[in-house]
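With chain A held as given, fit chain B onto it using these hints.
Residue numbers (the working numbering), protein chains in the order written: chain A, 627 to 737; chain B, 445 to 555.
There's no promise every hint is true.
Stated by the list, open to error - Partial chain A-side listing against chain B, Cβ under 7 Å, derived: (1) I639; (2) K643; (3) E668; (4) L716; (5) W721; (6) E724; (7) G725; (8) G729; (9) S730; (10) G731.
Hints were generated in silico from the structure; no laboratory data involved.
Even glycine gets a Cβ: it sits at the ideal position worked out from N, Cα and C.
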Amino acid sequence: EADIYQTPRYLVIGTGKKITLECSQTMGHDKMYWYQQDPGMELHLIHYSYGVNSTEKGDLSSESTVSRIRTEHFPLTLESARPSHTSQYLCASSWGKEGYTFGSGTRLTVV
Amino acid sequence: QKEVEQDPGPLSVPEGAIVSLNCTYSNSAFQYFMWYRQYSRKGPELLMYTYSSGNKEDGRFTAQVDKSSKYISLFIRDSQPSDSATYLCAMSAAGTYKYIFGTGTRLKVLA
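So here's chain A without its partners, still in its complex pose (with noise of 0.2 Å):
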């Protein structure tokens, strides 16, 4: 069944620890991307990737790097976990303009 993965669904995390959320679809998908998305907010677009090894900044400023090395796996790292990033993370992929699929969210808390 094609679909898109997240992992972990939640992490609870302490200051300054390197982590890294898990995105793979099995759509063979070329465009992937990842949201940032608090309560009562819109969407923010993070990083995006129209293909492998091209990433791109999206719209929100973000402290998190990506990497494409496979069409179906795209990694978010953060590098050192500051409070400020506790959020709810979305991976979502596309094929063209006909809507994205999205993952279920990994739910960060940084304490």
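Just chain B, lined up with the frame of chain A:
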């Protein structure tokens, strides 16, 4: 001013009611419009995709786009308690695969 404005609600309606959800936007370059449904603790799920102006119907859902007024709507007929969720609008211009999202409207359908 935000590019996409959406009333956050909450909007409470009785079961069986017709629900109207709306978004306004300021960028006349937007041509691609989407509606997503997001249940609590889940990722957004694509409901409707529309290109340019006009209406599109899918089961109990109808999407309308009025580009002259920069206004889009999602109608839900015969609403059910299972429709209780947050509904997000999203829009995009030609030449980009990035979408701008609204803040979402929280809908509660009361049994």
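Hints and how they fare:
no. : hint : result
1   : I639 : violated (19 Å)
2   : K643 : violated (24 Å)
3   : E668 : holds (5 Å)
4   : L716 : holds (6 Å)
5   : W721 : violated (10 Å)
6   : E724 : holds (5 Å)
7   : G725 : holds (4 Å)
8   : G729 : holds (5 Å)
9   : S730 : holds (5 Å)
10  : G731 : holds (5 Å)
Hint compliance for this structure: hints 1, 2, 5 are not met, and every other hint is.
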